[in-house]
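Here the structure of chain X is known, so what remains is to put chain A in place on it, guided by the hints.
Chains as they are written, first to last, in the numbering used here: chain X, 1 to 134; chain A, 1 to 307.
These aren't lab readings, by the way, just hints derived from the structure by calculation.
A virtual CB, placed ideally from N, CA and C, is assigned to each residue, including glycine.
Treat the hints with care, as some may be off.
[Said to hold, decoys possible] Facing chain X, according to a computed beta carbon distance under 7 Å, are these residues of chain A, among others:
{"no.": "1", "residue": "Arg-166"}
{"no.": "2", "residue": "Gln-168"}
{"no.": "3", "residue": "Leu-170"}
{"no.": "4", "residue": "Gln-171"}
{"no.": "5", "residue": "Leu-174"}
{"no.": "6", "residue": "Ser-178"}
{"no.": "7", "residue": "Leu-197"}
{"no.": "8", "residue": "Asp-199"}
{"no.": "9", "residue": "Glu-280"}
{"no.": "10", "residue": "Val-282"}
{"no.": "11", "residue": "Asp-285"}
[To be verified] With a straight-line cut-off of 27 Å between C-alpha atoms, the simulated DSSO-like cross-links for lysine-lysine are:
{"no.": "12", "chain 1": "X", "residue 1": "Lys-130", "chain 2": "X", "residue 2": "Lys-24"}
{"no.": "13", "chain 1": "X", "residue 1": "Lys-10", "chain 2": "A", "residue 2": "Lys-296"}
{"no.": "14", "chain 1": "X", "residue 1": "Lys-10", "chain 2": "X", "residue 2": "Lys-24"}
{"no.": "15", "chain 1": "X", "residue 1": "Lys-37", "chain 2": "X", "residue 2": "Lys-57"}
{"no.": "16", "chain 1": "X", "residue 1": "Lys-57", "chain 2": "X", "residue 2": "Lys-10"}
{"no.": "17", "chain 1": "A", "residue 1": "Lys-262", "chain 2": "X", "residue 2": "Lys-10"}
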Amino acid sequence: MYPWLRVDPKLPVAMYQQIVDGIKESVAKGLLRAGDKLPSVRELSMTLTLNHNTVAKAYQELERERVIEVVRGRGTFVGEGVLPPDREERLRELRGALERLLVEAHHLQVGEAEFLALVHDVLVSWRRQKEVGP
Amino acid sequence: MTTAVETVHLSKSFAGTAALRDISLAIPSQSIYGVVGANGAGKSTLLRTVIGLYRPDAGDVRVFGTSVPAEAAALRQRIQYVSPDSALPGSFRVDEMIRFTRMVYDRFDADRALRLLKALELPADRRIRALSLGMTMQLRLLLALSTRPELLLLDEPTTGLDPVVRRQFLQLILQEASSGHTTVVLATHHLADVERLVDGMAIFYAGRVVRQGMMEELQRGIKRVQALIDKPISLSEQELNQLPDVLSHDQVGRVHTFVTDKNPEALAAKLTAAGASFVEVVNVDLDELFTHVMRKEGYARDGILLS
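Only chain A is shown next, with the shape it has when bound in the complex:
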């Protein structure tokens, strides 16, 4: 498996505040890769460094094996960055913007642009400043896909889209990724977008990568162990609360739930041996995985009651 994007001990600060700290990542070619994390975790900084908008303070970032800071202009013909923050000239009409982009990119596919324009139902003669937020995002994706990119960087791409358009958007991304020519990196804090789409992901927290891997590896790494304890067992309540490698322990009635990131089978065997019944090891969903990984990092917010 070849690597599309590789960062090696990458760091970047703004005015003394570290946005990326020692990031080492490898994103496999032709995959859909999620970059997830809370607000301000460094997701956008990473994408902007990958496309060469920011220079790394330390370390290196390579795309298709080429160091980005040295070759940014040449690489940018092959990379597209789609973000709700990227500026488009408001006085241009949609068709003018398409023509302009065509002049900038060598591999621009005008047929594809036309087909997307029809499918997305964008008004060709409207000025960009008169487009809604969602239409502007669709125009950005249209322009990006029309350059036939080998690497598509998407930063919170479903912002401002209604459910129907969002679905169409995700379908376009899936199609592009399954074509076998494009690697897609999807940065978002919407786990629901990531869950169905990605092959692998990296979880960011405060400028660091706290966990990364292909989805199967990640899900293998954290499990929930459920057990029914309806009679006294050979473990005391205190012992149950202090089992090793348990990230959380909850109890609803007689059903106990343990989340662990080390050897769930050993924990299940221990509970069974102690006398618990219906002991089961199950997968956690992405929300839960994310919550536990974050809690381990000390990132948790409790619900508050507003009076």
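So here's chain X without its partners, still in its complex pose:
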């Protein structure tokens, strides 16, 4: 069950954040689709042998980011693509991340055209991965 979700306490990223990142990645890759049911906090805590409160904190964060939706009495589901409330702020962070990649590109002597080609390449293989998905 949920082999795509791994939590390693040795990583410098907090354990609840690893769950958040793992589920967000699965949604982005199409392994999880809108409306799919997710395990309950208790089930996931057992599967990952992880403290109940760590999993609950991850679900709260995912709900805040509108990645998942909790329906009282029915369970937890992958959200229907509602935009998160802090979209503007996170877009700025995304921009910052791209700038950091440009710094790295400069030091690898990757020019503008080559950088764009690289981005295109990654996009194509990402799309292919999604198509052959589950």
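Leaving out everything else, chain A in the frame of chain X:
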């Protein structure tokens, strides 16, 4: 948040040797709480004092707000202690032991015992002395969980368990803790058991508590600051080695790593101002936290090379 277990200036000695020195601890109700420390740090003595097997020499220990030494018999209906050292009668069969425990505990849940017996695949008709070490531990947990305890004290509970059974064991403990009726105290020197499971913990060393708190507080308290120093900066090598509040400083190539338990941001700012690049503050894992806390106490063992 209510407190399940509270010790106030608790001390206990055996034949003049102090096993617990002035321990003041508060374990929140319905949490999973780790008690970690090296061998002989006082973990088992603490648990045995909490269940009333030992009387404190000084100070007090309270469970659910009641002083243990005064009310041990009544409290013991609500507390369970699981340890690889606790004696079981070897001539009893597993089912006889379950029946015996049922007579002793008012709230014994026979259905639960039966379900656990099946899930753990224990042979009901085998004598206890013929059980393996791991099976005996499983029987102890079965008996403890079947009394529906409000406080479950586990002393090195995964001793002798294979990885499959160990996982099942940890799942049972997690389930019990998430039920909202039970507080679990887990004493162990296996940090890997603690890391994934606990809400908070206390680190013991030589009978004292050297650090305690909820996991987030503990991890906030100690950080690693990494920096790339690839050109001369305004701090000399000697100054780098003598930065204040740094527990350790290591260097691999041009990457310097500092571990600090005071104000990591100030240290990061200082390094950045001096000209270091890619300065980053990151969490340390539990192994590292434990090592540094212990080293501060003077507990360190270096590796030796056997010739």
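Inset, instruction - Hint by hint, work out which the structure violates, then give me just those numbers in ascending order. - result: 1, 2, 9
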